[in-house]
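Asker: Protein chains in written order, with the working numbering: chain A, 14 to 347; chain B, 14 to 347; chain C, 326 to 531; chain D, 326 to 531.
These are computed hints drawn from the structure, not numbers from a lab. Please note: incorrect hints may appear among the correct ones.
Covered by chain C, according to a simulated footprint, are these stretches of chain A (three or more residues, beta-carbon under 8 Å) [to be verified]:
1) 102 to 114
2) 118 to 125
3) 158 to 169
4) 204 to 215
The list that follows gives simulated cross-link-like pairs (lysine-lysine, DSSO-like), each with its CA atoms no further than 27 Å apart [unchecked claim]:
5) C:390 x C:433
6) B:15 x A:247
7) A:247 x B:325
8) A:105 x C:390
9) B:216 x A:247
10) C:433 x A:105
11) A:216 x B:216
12) A:15 x B:105
13) B:216 x A:52
14) B:105 x A:52
15) A:216 x B:105
16) B:105 x D:433
17) D:390 x D:433
18) B:105 x D:390
19) D:433 x D:486
Even glycine gets a Cβ: it sits at the ideal position worked out from N, Cα and C.
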Amino acid sequence: MKKLINDPADVVSEALRGLVAAHPEQVRVDLENRIVYRKDAPRAGKVGLISGGGSGHEPMHGGFVGLGMLDAACAGEVFTSPVPDQMMAATKEVDAGAGVLHIVKNYTGDVMNFEMAAEMAAAEAGTEVQSVVTNDDVAVQDSLYTAGRRGVGVTVLLEKLVGAAAEEGRPLQEIADLARRVNDNGRSMGMALTSCTVPAAGKPTFELAENEMEVGIGIHGEPGRQRLPMAPAKEIAALLVDPVVSDLPYRQGDSVIAFVNGMGGTPLIELYLMYNEVRQLLDSAGITVARSLVGNYITSLEMAGCSVTLLKVDDDLVRLWDAPVNTPGLRWGA
Amino acid sequence: MKKLINDPADVVSEALRGLVAAHPEQVRVDLENRIVYRKDAPRAGKVGLISGGGSGHEPMHGGFVGLGMLDAACAGEVFTSPVPDQMMAATKEVDAGAGVLHIVKNYTGDVMNFEMAAEMAAAEAGTEVQSVVTNDDVAVQDSLYTAGRRGVGVTVLLEKLVGAAAEEGRPLQEIADLARRVNDNGRSMGMALTSCTVPAAGKPTFELAENEMEVGIGIHGEPGRQRLPMAPAKEIAALLVDPVVSDLPYRQGDSVIAFVNGMGGTPLIELYLMYNEVRQLLDSAGITVARSLVGNYITSLEMAGCSVTLLKVDDDLVRLWDAPVNTPGLRWGA
Amino acid sequence: MGVDTFESWLRDLASTLHDNAAYLTELDSAIGDADHGSNMDRGFQAVVAVLDETTFAAPDEMLKKAGMTLVSKVGGASGPLYGTFFLRFGTALTGAEITPASLGEALKAGVGGILQRGKPELGDKTMYDAWAPALAAYDEAVAGGSDVHGALVAAAEAAAKGRDATVPLVARKGRASYLGERSAGHQDPGATSTTLVLESAARTLG
Amino acid sequence: MGVDTFESWLRDLASTLHDNAAYLTELDSAIGDADHGSNMDRGFQAVVAVLDETTFAAPDEMLKKAGMTLVSKVGGASGPLYGTFFLRFGTALTGAEITPASLGEALKAGVGGILQRGKPELGDKTMYDAWAPALAAYDEAVAGGSDVHGALVAAAEAAAKGRDATVPLVARKGRASYLGERSAGHQDPGATSTTLVLESAARTLG
Ligand SMILES: Nc1ncnc2c1ncn2[C@@H]1O[C@H](COP(=O)(O)OP(=O)(O)O)[C@@H](O)[C@H]1O
Ligand SMILES: Nc1ncnc2c1ncn2[C@@H]1O[C@H](COP(=O)(O)OP(=O)(O)O)[C@@H](O)[C@H]1O
Ligand SMILES: [Mg+2]
Ligand SMILES: [Mg+2]
Ligand SMILES: [Mg+2]
Ligand SMILES: [Mg+2]
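Produce the entire structure from the sequences given, and follow the hints as far as they go.
Answerer: If you want it as structure tokens, here you go:
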């Protein structure tokens, strides 16, 4: 394992120190609880937005804290959901009386830990908490009898959109409904060229040969649904876009935000090249790209690979997308 | 070689297509000449800023085109400087009568090709062209008898600062002087954990064992000055910061922009961790960090590793740094 | 069976999990996210730190505190699941005389917490596939006149069988479920740690 | 020696560089940025495309066009250097009767372009370390009464020696200079391609 780290046990807290040192105008950090707060949280009258999850997905979530996005992000160990104490502390801190929304990616651990926190916060502080669980990964069959689909790329778009809505002072119920609507209209699919190494594990989670790729991966360095022979970008784009488009389904005439995300180790030149392929597929399907996002936003440590997320949008969502955002990881109009 | 590409010969043009598809509000692209233009270039009365170089360093330079930064960027093949025809076409296109500044990184190929373009543009169109050559890499001994130091991280900061100054309508000579002053006050040093693979070459430029790192690398996947045993982040930070600080030298009480740059394959969690280390070293040297930048901005394909750049700043430079910028790769205040 | 006995269990378990951390993470690499060993180790090191600095008057207090510590320190799926197990296990022992039967009830209460949080069903390829046969074996042993030690030995053996039986299963819960058919052929990490929990209990309790 | 002779040189050279592209890139990997082979290949494929679609009246026109094509298609250090070489080489031949002496003057003019652009000195570990002894050998051969072919064979042999002599050198120009002492022990890619240029000339001209 070669990484720019010291002791694997200190990776998360040292990275949080670096984050706040680099972005002192946007965020402050509770190092003991490993919570990144918006510098000026709580904001009177505003619904507090909290997310969190295992670390290793940077800039998500700590890099999405700030104006127009999250009020707090709880950082777990690498690939391990944070503990209820963190979410409870964050919930109490960002509640300005308008209630708090928990944005939770659908993983058993995340769901359970956030649930416990919400129960505890309601019991202890009387805070009104709603939760939205994202589950946009079409690689996984959705079913009542399983853990269901994973929450992946849509989480980033949701945090931006719902963040903009919360900034407008909309009430908790409306914010929660919007969040669910966004999740319902988004789908994702990812692939990997390489595995990644959890610092505490010290070696790659899986091995891939030089001529192989994993398709249908999540964001935790896990193997995917299928191991396939390596293919050109054009074919990989189709492998990702086709199941996404046919799942919702997205139809001719739909307007979408198209998001090509890097898994952490893939350089931007390849992501733009992939976006070019994705765009051609959407064009020929008659799907209009209203807005796009290309880059490393929800990552899996140093894994090479990418994911494609589509989110069906109307004018209201596009307006929320365009609203100012000022976070370490996403910034415009401010 | 596993990359998200089609034919290696098409990597650059396909990535440019993706860039413009993803950022239609900021840039337009001349695909034949492989030039990324600011959407609304030329801007009347404004000095035109042009940079360019080999591809593989994304977001530099194409991602730094837009309001408050470059007017045009010429993209060469991967790690190969662009040809004079490109710079000449760009020079003619962005000249609005106020002249054009060429921002050139100090590599023999880049310098020669830009020089030929400047000669040709002056002869053909009478355009007034000045050039600034960046050479901030302290890994390389500066000398009249050699190719001199490489231009690396300072180039990014310079494009931002000089871009802001050009936006204010300052004249060419002032812009060129400012650019030289920025270059003179900046120093960088980089290291690699892995090599990278030039698509057309098809295999890694060099091999590094699991317990080795290269120190004193540039941004072209080249081996560095020294191969050293792998070390903790704290020691690596000192290996980079110490030669940078002692070169200018930066002294107690100096104010700097501190820039921790990823080489492309290193995830953000490690870059923030490195920034934490760099910051501690600067703090104990009594050097004040006025502004910071952490992320993948001047990369070497999928190489893992990082570089540290310091730039000594005064209030005027900080003001230029804070000025609005709206490019695919760097954006704030707009 | 007093505080000391339960403390020796928790300490034995902590060192067992520490020794098996790499192995559990290895299992989690194949069908999960390569952290189950570090999760359990981190949690039980925190439990040991609590034991070092606190004197407990009764086993239930100690076990509840261990549960809360796991909830607060582990995260992931295993944090709430094992945390709730120990919380409920301790709570069930409050005020009760510790007999083979009451310990069995307490185990059942703990596993009830796992069921409530994780909603696993038998055959989902989770830790419940070790817990469920263990509970049944414990009860059967007690019904047959076994003491705590004997019943725990039976439970641990049943857990080990349940653990082994997870190998061919296609996971329906937890991260392994994302792999679909590819999850078959791998042993569930949580069922493995559950077996370690019960083997340690059999070594130290009763 | 007419247009056809020079065309056969350029075509032979293009196919030689194509065959040696991986080798040149390999050399450039050790002390550069792994592109010298693709650069030369891309440039000379473009020259061949020009030859395919254009009929030239005289060698100088063809050679100047080849030079301009290299400048426009190669980039990097080798683009301006080889481009300027062919531009000046062709320009020097304009109107001149082609003799061993005039060809030698033209080679010198071409290399003068390289000197002007790159300012290499002997021993800097660049292509000039092949060009300089080649020019000297050419002149010496001509002075000794050699024809074009014989002089070019001598030049190519001298270039090869110059190329080999770059191996132990510490580079002072080009990317290899960034490596400092570590550049020693590797053969310069540009000196290698220069030798291919002259060997091809010896095969086809005169
Ligand atoms: N819904 C569930 N019910 C019971 N046990 C579960 C459930 N989901 C996961 N598990 C158990 O948790 C184990 C994984 O724990 P761990 O790796 O620590 O957490 P995570 O999956 O969050 O990384 C699995 O091997 C499985 O036994
Ligand atoms: N200043 C110079 N003068 C003469 N030749 C040079 C100079 N700099 C580099 N070269 C030659 O160019 C070769 C490298 O060419 P190439 O790899 O195509 O360009 P780049 O270095 O820009 O990647 C070197 O091997 C060397 O022979
Ligand atoms: Mg986990
Ligand atoms: Mg090059
Ligand atoms: Mg796990
Ligand atoms: Mg080269």
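Asker: Does each hint fit the structure? Answer for all of them.
Answerer: Verification of the hints:
Residues of the stretch 102 to 114 of chain A with a Cβ under 8 Å from some Cβ of chain C number 0, which does not satisfy the need for three, so the listed coverage is violated. Interface restraint, the stretch 118 to 125 of chain A with chain C: holds (4 residues with C-beta to C-beta distance below 8 Å; minimum three). Check on the stretch 158 to 169 of chain A: 4 of its residues sit with their Cβ under 8 Å from a Cβ of chain C, so the three-residue criterion for coverage holds. Proximity of the stretch 204 to 215 of chain A to chain C, defined as three or more residues with a beta carbon under 8 Å from a beta carbon of that chain, is established by the 3 residues found.
A hinted pair counts as satisfied when its Cα atoms are at most 27 Å apart, and residue 390 (chain C) with residue 433 (chain C) qualifies at roughly 19 Å. For the hint linking residue 15 (chain B) to residue 247 (chain A), the alpha-carbon distance of about 14 Å falls within 27 Å, and the restraint holds. Distance restraint check for residue 247 (chain A) and residue 325 (chain B): the Cα-Cα separation of roughly 45 Å exceeds the 27 Å cut-off, and the hinted pair is therefore not satisfied. Simply put, residue 105 (chain A) and residue 390 (chain C) have alpha-carbon atoms about 23 Å apart, close enough for the 27 Å limit, and the pair holds.
Annotation: proposed proximity of residue 216 (chain B) to residue 247 (chain A) holds, straight-line Cα distance about 21 Å (limit 27 Å). Restraint check: the Cα-Cα separation between residue 433 (chain C) and residue 105 (chain A) comes to about 34 Å, which exceeds 27 Å; the hinted pair is violated. As the CA atoms of residue 216 (chain A) and residue 216 (chain B) are separated by approximately 23 Å, the hinted pair is consistent with the 27 Å bound. The straight-line distance between the Cα atoms of residue 15 (chain A) and residue 105 (chain B) is roughly 47 Å, outside the 27 Å bound, and the hint therefore fails.
Note on residue 216 (chain B) and residue 52 (chain A): the hinted pairing is violated, with a Cα-Cα distance of about 46 Å set against a maximum of 27 Å. A threshold of 27 Å between alpha carbons decides the hint, and for residue 105 (chain B) with residue 52 (chain A) the separation of about 46 Å lies outside it, so the pair is violated. At most 27 Å may separate the alpha-carbon atoms for a hinted pair to count; residue 216 (chain A) and residue 105 (chain B) exceed this at roughly 53 Å. Note on residue 105 (chain B) and residue 433 (chain D): the hinted pairing is violated, with a Cα-Cα distance of about 34 Å set against a maximum of 27 Å.
Simply put, residue 390 (chain D) and residue 433 (chain D) have alpha-carbon atoms about 19 Å apart, close enough for the 27 Å limit, and the pair holds. Proximity of residue 105 (chain B) to residue 390 (chain D) is assessed by CA-CA distance (about 23 Å); at most 27 Å being required, the pair is judged to hold. Taking the CA atoms of residue 433 (chain D) and residue 486 (chain D), the gap is near 19 Å; set against the 27 Å cutoff, the hint holds.
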